[in-house]
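Top line first, the protein sequences correspond to chains A and B. Counting with the working numbering, you get residues 1 to 162 for the letters of the first sequence. Counting with the working numbering, you get residues 163 to 296 for the letters of the second sequence.
Treat the hints with caution; some may be incorrect.
What the hints assert, rightly or not - Computed cross-link-like contacts, EDC-like style, restricted to lysine to aspartate or glutamate with a CA-CA straight-line distance of at most 16 angstroms:
hint : chain 1 : residue 1 : chain 2 : residue 2
1    : A       : Lys104    : A       : Asp70
2    : B       : Lys190    : A       : Asp28
3    : B       : Lys212    : A       : Asp46
Treat the hints as calculated values from the structure; they're not laboratory data.
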Amino acid sequence: MLKKIFMIGVFLLDAFLVYWAVVGQKADYMDQARELQQKQADGIHDWARTQLSDAKVNARLWQLSLQLLDGPKDRPSVIKTVKGWQKTNLPEELGGFVQDISKKGFDGKKIDMWKVAWKKNSITLRFDEAGQLADVDVNSLLGRSGMVEPVMEAPEAEDEEG
Amino acid sequence: MKLNTTVGIAIGLVVAVGLVAALLAVVKPSAKSAASAWKKAEGAKLLDEKRDVERTLARNNLLWEIAVTAKKSGPDSVAAMEAVNALLVVDSTGYPKATAEGSRITVGWPDRAIVLEFNNRLMTGVDASALVAE
Numbered sequence: 001m002l003k004k005i006f007m008i009g010v011f012l013l014d015a016f017l018v019y020w021a022v023v024g025q026k027a028d029y030m031d032q033a034r035e036l037q038q039k040q041a042d043g044i045h046d047w048a049r050t051q052l053s054d055a056k057v058n059a060r061l062w063q064l065s066l067q068l069l070d071g072p073k074d075r076p077s078v079i080k081t082v083k084g085w086q087k088t089n090l091p092e093e094l095g096g097f098v099q100d101i102s103k104k105g106f107d108g109k110k111i112d113m114w115k116v117a118w119k120k121n122s123i124t125l126r127f128d129e130a131g132q133l134a135d136v137d138v139n140s141l142l143g144r145s146g147m148v149e150p151v152m153e154a155p156e157a158e159d160e161e162g
Numbered sequence: 163m164k165l166n167t168t169v170g171i172a173i174g175l176v177v178a179v180g181l182v183a184a185l186l187a188v189v190k191p192s193a194k195s196a197a198s199a200w201k202k203a204e205g206a207k208l209l210d211e212k213r214d215v216e217r218t219l220a221r222n223n224l225l226w227e228i229a230v231t232a233k234k235s236g237p238d239s240v241a242a243m244e245a246v247n248a249l250l251v252v253d254s255t256g257y258p259k260a261t262a263e264g265s266r267i268t269v270g271w272p273d274r275a276i277v278l279e280f281n282n283r284l285m286t287g288v289d290a291s292a293l294v295a296e
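Using the sequences and the hints, build the whole thing.
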C-alpha cells in the first residue's frame, strides 16, 4: 500500500516537473522580462515627458530672443521688456529669473551682461559700451554651454625695456 | 503486483530525473532565449520612442537656432539666407529644406517648419509659431 502511494507520488512529481518545465520556466522568464520592460518604459516615458515639457518652456526663451532681436536695442528698454516678460512667462514659481551678470574684463571695463533663465536653461544678453544690445546668446538652450563667456584677451605683456 | 509497483516507482523516478535533466539542458535555455527575444523586440520599440523624442527636440532646436540666426544676420535677405543655408544640413531624406513660395521661405520638415518672410530684399519676419503650438 505504501509503495502504491509512493508510486502515485512519483507520478505526481513527474507531472509537476512537466508543468514546471513547459509552463513555469517560460512564465518565470517572461515575468522577469516584462518587469524589466515596464521599468524601462516608465523611465523612458518620464524622461520624454520631462524633455518635451522643458522644451515647451525653452520655447518661451527662444521666442523672447526673437522678440528682443526685433525690438528696441537700448539697455533700459531691453531690461524693462525682459523683466516684464519674465513676470508673466517665466515666473519664479517656474524657477525663472532675470539676473545682472555683468563683470569686469581684463582691461577693467565692465562687460554688461544679463541672464534670463529657468532651471539650467538660459539666454544671455550682452550690451556694448554704448548700452545697445550687442548679442543674444542662445547656446545654453542648444546645450552647447552653460554660460556665455565673452572673449576677453589678456593684455599684452608690457615691454620691460626702457 | 508488487513487482509492477516497484517498476512503476522506478520508471517514475527515472522520468523525474530525465525531466530535470531536460529542464536544465533544453527547456530552461529555450525559455530564457524566448523571453530575451521578446525583451529585445520590446526594447527596440522603446528605443524608437526615445529616438523619436530626441529627433523632435533636435529638429525644434535646429529650427529655433535658424530663426534666431536669420534674425541676427538680417534684415538683409542675402545675409539672412546665407546664415540659414549654413545651418541647413540635408540628410538622406532630403530634409530639412528651404522652400520658397512667393515672398515666404519655409524652412524645415513637412510636419515642422518655420517661415521666413521677405519684402524688398529684406527679411521682415520669422514665424516660428509651429514650434510653439505643440
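Quiz item: Which of the numbered hints are not met once you compare them with the structure shown?
Solution: 1
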